[in-house]
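Trainee: Protein chains in written order, with our numbering: chain A, 685 to 1114; chain B, 685 to 1114.
Treat each hint with caution, since some may be false.
You can't tell identical chains apart in this list, so a pair holds if it fits in one copy or across any two.
[Unchecked claim] Taking lysine to aspartate or glutamate pairs in the DMTMM-like style, the calculated list, with each CA pair at most 20 Å apart, reads: (1) Lys908 to Asp745; (2) Lys857 to Asp1090; (3) Lys965 to Glu889; (4) Lys775 to Glu889.
Treat the hints as calculated values from the structure; they're not laboratory data.
2 protein chains.
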Amino acid sequence: MYLAANFNFLMKQVFASIITIGDELLIGQVIDTNSAFIAQELNKIGIAVKHRLAVGDAWDDIWDALNDEKKQADIIIITGGLGPTADDITKPLLCKYFGGKLIMHQPTLEHVTYLFEKVFKRTLPLSERNRKQAEVPDVCTVLKNERGTAPGMLFEQQGKLFFSLPGVPFEMKGLMTDHVLQIIQQKFKPGFIEHRTLLTAGIGESYLADRIKDFEEALPANIKLAYLPNHGMVRLRLTAHGYDHTELLISIDHQFSLLKSQITDVMVTDEDLTMEAIVGKLLTERKQTVATAESCTGGYIAHLLTSIAGSSSYYEGSVVSYSYAVKENVLHVSPETLSTYGAVSEQTVTAMVQHVRQLMNTDYAIAVSGIMGPDGGTTDKPVGSVWMAVASKHKIITRLFQFRFDRARNIQLTATSALNLLRQLIVDNH
Amino acid sequence: MYLAANFNFLMKQVFASIITIGDELLIGQVIDTNSAFIAQELNKIGIAVKHRLAVGDAWDDIWDALNDEKKQADIIIITGGLGPTADDITKPLLCKYFGGKLIMHQPTLEHVTYLFEKVFKRTLPLSERNRKQAEVPDVCTVLKNERGTAPGMLFEQQGKLFFSLPGVPFEMKGLMTDHVLQIIQQKFKPGFIEHRTLLTAGIGESYLADRIKDFEEALPANIKLAYLPNHGMVRLRLTAHGYDHTELLISIDHQFSLLKSQITDVMVTDEDLTMEAIVGKLLTERKQTVATAESCTGGYIAHLLTSIAGSSSYYEGSVVSYSYAVKENVLHVSPETLSTYGAVSEQTVTAMVQHVRQLMNTDYAIAVSGIMGPDGGTTDKPVGSVWMAVASKHKIITRLFQFRFDRARNIQLTATSALNLLRQLIVDNH
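Whenever a hint applies, use it, and build me the whole structure from the sequences.
Mentor: Set out below in structure tokens:
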């Protein structure tokens, strides 16, 4: 413990700042997913992110951001502002900022020509705008963009690195993986950061915090605990910094075991997995299968399950029954059940879950039916009322939930809760 | 034109900065959707966002961010750092920054108690941590949080407004709508900002830019054009600023008409709608219905369609057929078709689309089958190959797509492309 804390003092933390450029970020038309990816990747190699800053497509704002962030950070990663259209001023600005002039970069021009002719299969000649994509400041190192026309650029100034990457997430990710991370590792030889994450369910953030108060206060200085509540569950994350990787691993694993031992009853998993990945892992281990019958979630549970690569080995499919007719004709819910109890009822989800499990011949099934809002609520069944059922060959469990949010959040919470209910059934069904 | 440009000079633009607090943002564990919402809402009332800045849960970083941002902006909106757990230092910091001391706010304590007892239906007594939620600096105006326990806070310093809001999106949104926007409007009486957005398909960003180059260069100074490429389509957005609302509307609508007249052949819609909303609108207008049969998208098309409130009036449901068995047994694709042509084939999607339209008795249907990756590709059908079909009562259109991205993006692009194909069929089918 003492050693681990000590290493922290010896370690010089390397800091990065992420600057995203684009008016669309400042008017909220686009959600910034790039920064999260870049932060994750930097973190894995031991770089701490100091700031994430979004600025508009305005010369002075970008210029000032570069000046401000280089005071704070050793590495500045800029995304966006490199597209072929006229509102992009980033490249001329970088040219001026680093004291260079724009030149045509021949290998990039060849790459752009290749992409247009062979990959995009365009018959039109390369336009002047597209040719301009291959222009770069003569003071940068060009980073080849395998996935698109705008090259990445690396500038160095007073021992600090400045990377300029395109804003298209797919291209930015390629450049990070192909070039940026290696260059940073070579230059800075940063220390190590390790995370351990676990997921709890059924306990509020504040009660959890009270329970592990003593543990948290006794943590060494180089290990931090964070509470990440989401979808009605709380994730706990330990983060450790240090230079000696072996020492660091011993220290964080020791603390993680301690933490787990104090919350076994509410812990869902000790891995940093989504609920759909946890369910997928359980089914893969057990070589079992699942099908879904979804009314109110409208295919979102199916989407979550199939967002996992390899899910075809355990997921058969879904009937999304958004109407009474589909509930009757495809899921064989009887008209009497629907008229007597309604679509949002224990009887209906029970019929749905039984039929879809048989129809798709699976080990397990999930069925949900509810009112997601904003309309459709009644006094008996207000917006947010959801009946769900999970079934194995021998057992059906039903549950009524009452969510209190907007449509999108109600759909998410319903899906996660249904997957958690299935998880419990699978774990109990051993 | 001249007048509109002139108004711009008279107008004092009010600026805001958004500071999001939380280590989870800097390690990329959480995607920041709050900033986008806040930016959108500020924008609608004529406030321009200067910066969006994310900082960690560290005293100095938050302190410095407040100092830096108040130089840039008239309004500073802080989210996050108000939860009940120990890593939250925001409230003591704000107390010190604005020179106050923490006091118990009685109405908030009553609200917290009410929430725990009546809404969350907790039987445990209110913990010390939960009581602390009701403590506020005595120099702030408390903004009641109807949706949660952490109150919003308003501070004023040298004519600038500082809002501190909880980071939970649902609660933050409530506080923005209930309090923040009105307070800002009352104090600053900002000018107006108007946007007009249209969506194009089938033309690249650079070709589009060449086509409307003259239009763009002739725009008055107070109107800006932005290119927003996404999901293989390009959105064009005009933004106008000004004090005279009538003048502003005339000017932007004039420019928008001009723009539309130059790109009628590639314009999908002149509203700021998602593809699923466009399809929903067309079906609602025509009182027609649709069903889907999804293999590779795994329910994502159904999810997009049902994310629109009111979609139950035109959307019947989906069969997500993730296995051969479900394609055969539920969608009646013949075993011969599957063995001769494979699941990813024109023949299979044709059979899927025909059967699901009949099964769910709809006017239209969509079917998709493809290989989303990372595994499952072959030489003939590499990762990203997708067959899709759309059908009306009298017509079936099929298409082969070849996407080149990762699993998540391939799923998104497949869904959007299929919805666009359906849109074309509906529009042609009048």
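Trainee: Take the hints in turn and mark each one as holding or not.
Mentor: Hints and how they fare:
no.	hint	result
1	Lys908 to Asp745	between (34 Å within a copy, 17 Å between copies)
2	Lys857 to Asp1090	between (32 Å within a copy, 11 Å between copies)
3	Lys965 to Glu889	neither (26 Å within a copy, 42 Å between copies)
4	Lys775 to Glu889	between (46 Å within a copy, 18 Å between copies)
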